[in-house]
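There are 2 protein chains.
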Amino acid sequence: MAVDGFEFPEMHTVAGFKMGCAFADVKGRKPAVIEKDDLVLMTFPEESTVAGVFTKNAFCAAPVIVCKENLSENIRALVINSGNANACTGDRGLTDARTIDQKVAEVLSIQEKQVLPFSTGVVGEHLPVERITSTIQAAADDLKEANWTRAARGIMTTDTRPKGASVTIDVGGETITITGISKGSGMIKPNMATMLAYVATDAKVEKQLLQQLLVDAVDQSFNRITVDGDTSTNDSCILVATSQSRASEIKTENSEAYLAFVAALNSVMLMLAQAIVADGEGATKLVAVKVEHAESNKEALRVAYSIAHSPLVKTALFASDPNWGRIVVAIGYAGVQGLDVSKIDVHIGSVLIVEAGQRAPSYSEALGQSVFSQDRIDITVDLKRGDSNETVWTSDLSYDYVKINAEYRS
Amino acid sequence: MAVDGFEFPEMHTVAGFKMGCAFADVKGRKPAVIEKDDLVLMTFPEESTVAGVFTKNAFCAAPVIVCKENLSENIRALVINSGNANACTGDRGLTDARTIDQKVAEVLSIQEKQVLPFSTGVVGEHLPVERITSTIQAAADDLKEANWTRAARGIMTTDTRPKGASVTIDVGGETITITGISKGSGMIKPNMATMLAYVATDAKVEKQLLQQLLVDAVDQSFNRITVDGDTSTNDSCILVATSQSRASEIKTENSEAYLAFVAALNSVMLMLAQAIVADGEGATKLVAVKVEHAESNKEALRVAYSIAHSPLVKTALFASDPNWGRIVVAIGYAGVQGLDVSKIDVHIGSVLIVEAGQRAPSYSEALGQSVFSQDRIDITVDLKRGDSNETVWTSDLSYDYVKINAEYRS
Numbered sequence: 009m010a011v012d013g014f015e016f017p018e019m020h021t022v023a024g025f026k027m028g029c030a031f032a033d034v035k036g037r038k039p040a041v042i043e044k045d046d047l048v049l050m051t052f053p054e055e056s057t058v059a060g061v062f063t064k065n066a067f068c069a070a071p072v073i074v075c076k077e078n079l080s081e082n083i084r085a086l087v088i089n090s091g092n093a094n095a096c097t098g099d100r101g102l103t104d105a106r107t108i109d110q111k112v113a114e115v116l117s118i119q120e121k122q123v124l125p126f127s128t129g130v131v132g133e134h135l136p137v138e139r140i141t142s143t144i145q146a147a148a149d150d151l152k153e154a155n156w157t158r159a160a161r162g163i164m165t166t167d168t169r170p171k172g173a174s175v176t177i178d179v180g181g182e183t184i185t186i187t188g189i190s191k192g193s194g195m196i197k198p199n200m201a202t203m204l205a206y207v208a209t210d211a212k213v214e215k216q217l218l219q220q221l222l223v224d225a226v227d228q229s230f231n232r233i234t235v236d237g238d239t240s241t242n243d244s245c246i247l248v249a250t251s252q253s254r255a256s257e258i259k260t261e262n263s264e265a266y267l268a269f270v271a272a273l274n275s276v277m278l279m280l281a282q283a284i285v286a287d288g289e290g291a292t293k294l295v296a297v298k299v300e301h302a303e304s305n306k307e308a309l310r311v312a313y314s315i316a317h318s319p320l321v322k323t324a325l326f327a328s329d330p331n332w333g334r335i336v337v338a339i340g341y342a343g344v345q346g347l348d349v350s351k352i353d354v355h356i357g358s359v360l361i362v363e364a365g366q367r368a369p370s371y372s373e374a375l376g377q378s379v380f381s382q383d384r385i386d387i388t389v390d391l392k393r394g395d396s397n398e399t400v401w402t403s404d405l406s407y408d409y410v411k412i413n414a415e416y417r418s
Numbered sequence: 009m010a011v012d013g014f015e016f017p018e019m020h021t022v023a024g025f026k027m028g029c030a031f032a033d034v035k036g037r038k039p040a041v042i043e044k045d046d047l048v049l050m051t052f053p054e055e056s057t058v059a060g061v062f063t064k065n066a067f068c069a070a071p072v073i074v075c076k077e078n079l080s081e082n083i084r085a086l087v088i089n090s091g092n093a094n095a096c097t098g099d100r101g102l103t104d105a106r107t108i109d110q111k112v113a114e115v116l117s118i119q120e121k122q123v124l125p126f127s128t129g130v131v132g133e134h135l136p137v138e139r140i141t142s143t144i145q146a147a148a149d150d151l152k153e154a155n156w157t158r159a160a161r162g163i164m165t166t167d168t169r170p171k172g173a174s175v176t177i178d179v180g181g182e183t184i185t186i187t188g189i190s191k192g193s194g195m196i197k198p199n200m201a202t203m204l205a206y207v208a209t210d211a212k213v214e215k216q217l218l219q220q221l222l223v224d225a226v227d228q229s230f231n232r233i234t235v236d237g238d239t240s241t242n243d244s245c246i247l248v249a250t251s252q253s254r255a256s257e258i259k260t261e262n263s264e265a266y267l268a269f270v271a272a273l274n275s276v277m278l279m280l281a282q283a284i285v286a287d288g289e290g291a292t293k294l295v296a297v298k299v300e301h302a303e304s305n306k307e308a309l310r311v312a313y314s315i316a317h318s319p320l321v322k323t324a325l326f327a328s329d330p331n332w333g334r335i336v337v338a339i340g341y342a343g344v345q346g347l348d349v350s351k352i353d354v355h356i357g358s359v360l361i362v363e364a365g366q367r368a369p370s371y372s373e374a375l376g377q378s379v380f381s382q383d384r385i386d387i388t389v390d391l392k393r394g395d396s397n398e399t400v401w402t403s404d405l406s407y408d409y410v411k412i413n414a415e416y417r418s
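Note that the protein sequences, when read in sequence, are chains A and B. Position in the first sequence (from 1) plus 8 gives the number in my numbering. Position in the second sequence (from 1) plus 8 gives the number in my numbering.
Just to be clear, a hint being listed does not mean it is correct.
Since the list gives no way to pick one copy over another, a pair counts as held whenever it fits inside one copy or between any two copies.
Said to hold, decoys possible - Taking lysine-lysine pairs in the DSS-like style, the calculated list, with each CA pair at most 25 Å apart, reads:
#1 LYS64 <-> LYS306
#2 LYS64 <-> LYS351
#3 LYS44 <-> LYS298
#4 LYS392 <-> LYS306
#5 LYS215 <-> LYS259
#6 LYS298 <-> LYS351
#7 LYS392 <-> LYS64
#8 LYS306 <-> LYS35
#9 LYS76 <-> LYS351
#10 LYS392 <-> LYS44
#11 LYS121 <-> LYS76
#12 LYS215 <-> LYS121
#13 LYS44 <-> LYS152
#14 LYS64 <-> LYS76
#15 LYS44 <-> LYS259
Source of the hints: derived by calculation from the structure; they are not laboratory data. Computed from a predicted model, the values in this text were never measured in an experiment.
Build the full structure now, drawing on both the sequences and the hints.
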């Protein structure tokens, strides 16, 4: 079950960025169940620049530790397994991640330090290193620029569908392509699902600037479906610029090329983030919670997350029940100091549901239901306190959420 | 569905404290469905002292506002309706609550200000004031000291069973009784269920001291199944001391009588709070999350709530699946600065499951399942940082939670 209308888009290839997929039987089911590939290799030329953003969880997984160690090197390859997170696996987990990097380096004739490893799946179990290393050659044999869809499937865990986004922009008569894939499930607290995203562009972007662009884009996309600092053990987002486009290098922050590139990158990242929410575990609805006229962005986010995390709001959304009382209760306990509840307006879609802190006189259940029965819902809260606005995205809470998470390991 | 083993106990009557119950058809179903009484009146003599603790939600309900206004008066009666919360109802909500108080005062020949009103149920709908006021006489006609069980049922909403606790203590050869009832459902975030608790004692306790005793007891009981400040619009806890016992007045904080009374009061309050969690919406398990050796109580609570609120931990508990990785992930995103994860031990029951941040060598799935399949589970986290310990209580997350909350208004 997932929100409709998120078809996998046409994926423009990115010159120089190749992917290869294979089945390593990471889960080790007996007999082996080949649902899909579970090992993905990504390679790119020496002149590429690479940026990365990683989880802030105190228990960060072994591959994340290795990624952070290696990121300053001239990265040439990414290796991703699904089915096992290699998290909470201690020193052996680090050794396992490095052993896999070493094998990738050997197969591709590069250095171990030039490989970034990623894992997603169950926490606390050791990786089947031999099954993975013995499959790397098969993944390398499969490397091609046109493998985006297979790679998107290869990194999936509980995802019900592959997620991708791709745009091209014209810069000074030359085309720049930005294409990416993501995996993860937006849950009650989406921050607890491992989210992985890999975005490639053929633009030429200086490494430091690329890192800053990625941090900013993550903040406006993946960090708007999660709470600061509340991340899984493995969350990672990588941006690779292969430098193969004939467009000039993107350097200065105020150039037209820079602004066009930022807008395009942000839109790809937001699409990838929204696709995660819309494929939430058991999600049937994609909900945008917009908080307007807060005193600060922090305050706006507090109120937005309070609503977006409320299981009572989320079950009401699932039931298509416009139980607006649950929305105002969530606003009330968001902890905003000096909140004057008698000023607050709430809209669902274009319907005014709460006016000056009370049920709006014009509101009717029929109006509310006409909005709540849709599969994309906007909840807009006007605090009338200041000038700060923020939007976060979430999904509803269904029977299937419990089912998926109660049965995930069985 | 609720955790087994919470039978309604023998309830000792409290001299002077009377309850009367009636059916006012608060929900106004057509045709009227008499599931149980929905109006409860409580009275006590003039020499009683009364203490109260209320929600911190910015949207506090009309009856809570009236309670706070009246609490300093010589309170003589409480009137409680279930089925409608009279919250987010603006000025009319206040008028409605006062109209009901006025009617109670008239029937009992006391002043309107001597009545505290309470409501629990759906938010944002106006009370059926006439149906309530016309039923108060019937409730008054029913007043008796032996009505604890009926009162416990009368205040219920989605609760599956009445909740009560009762103890007697001997103080200087005289008996003091403490008896109370509660309602509410411990949910994913238990703080969002309206919790009501009414505790009566025949002890004689000075009003200021009684208030302090109640604040302290709430902090160690109801505030350990909720997050500070994150409360529903209607949460209220009232303690009435009727002064009818022959035991001497409890005055000084260090007397033996005082210490015995505090211990007994705290145990009654904790039983009432735990009964709420165990009757959580769809709950099948009662879980105590204990965090030891934190640097501060605040830090211990942060970690404990991070685990207790994790929907992934809660679904694993429901599935009896000892997925310890979900516990460590929740510890990791609790936001503890400088946390050394390689020191942390976790026990479930008496089984060591995580040792020094990793799966314990002695741990096996069979051992974990033997604990997780029980309906009372202790999760103990040793942070090895300091001297502060805290315990919070929660329940698991089941299919029924979603069902109950998706269908609550239909």
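For each hint, the structure was consulted:
1. Proximity of LYS64 to LYS306 under the C-alpha cut-off of 25 Å is found in both arrangements, the shortest distances being 18 Å within a copy and 21 Å between copies.
2. In the homo-oligomer, the alpha carbons of LYS64 and LYS351 lie at most 25 Å apart only across protomers (18 Å), although the nearest pairing inside one protomer, at 37 Å, exceeds that limit.
3. Taking CA atoms no more than 25 Å apart as the test, LYS44 paired with LYS298 passes in neither setting, with 37 Å inside one copy and 41 Å between copies.
4. In this assembly of identical chains, the alpha carbons of LYS392 and LYS306 lie at most 25 Å apart only when taken from the same copy (15 Å versus 32 Å across copies).
5. Taking the closest pair of Cα atoms, LYS215 and LYS259 come within 25 Å of each other only inside a single copy of the chain (10 Å); across copies the shortest separation is 71 Å, beyond that limit.
6. In this assembly of identical chains, LYS298 and LYS351 lie within 25 Å of each other by CA distance solely inside one copy; the values are 16 Å within and 41 Å between copies.
7. In this assembly of identical chains, LYS392 and LYS64 lie within 25 Å of each other by CA distance solely across copies; the values are 21 Å between and 33 Å within a copy.
8. Taking the shortest Cα distances, LYS306 and LYS35 never come within 25 Å of each other, neither inside one copy (41 Å) nor across copies (39 Å).
9. When the C-alpha separation of LYS76 and LYS351 is checked against a cutoff of 25 Å, the pair qualifies only between copies, where the shortest distance is 22 Å, while the shortest distance within a copy is 47 Å.
10. Taking the shortest alpha-carbon separations for LYS392 and LYS44, neither the intra-copy value of 50 Å nor the inter-copy value of 43 Å comes in at or below 25 Å.
11. For a Cα distance limit of 25 Å, the shortest separation of LYS121 from LYS76 inside one copy, 11 Å, qualifies, whereas the shortest one across copies, 65 Å, does not.
12. Proximity of LYS215 to LYS121 under the C-alpha cut-off of 25 Å is restricted to the intra-copy arrangement: shortest distance 17 Å within a copy versus 71 Å between copies.
13. Taking identical chains as interchangeable, the C-alpha atoms of LYS44 and LYS152 lie at most 25 Å apart only when both belong to the same chain, with a minimum of 18 Å there against 69 Å between chains.
14. Taking the shortest alpha-carbon separations for LYS64 and LYS76, only the intra-copy value of 12 Å comes in at or below 25 Å, while the best inter-copy value is 43 Å.
15. When the C-alpha separation of LYS44 and LYS259 is checked against a cutoff of 25 Å, the pair qualifies neither within a copy, at 40 Å, nor between copies, at 72 Å.
Hint violations for this structure: numbers 3, 8, 10 and 15, all remaining hints satisfied.
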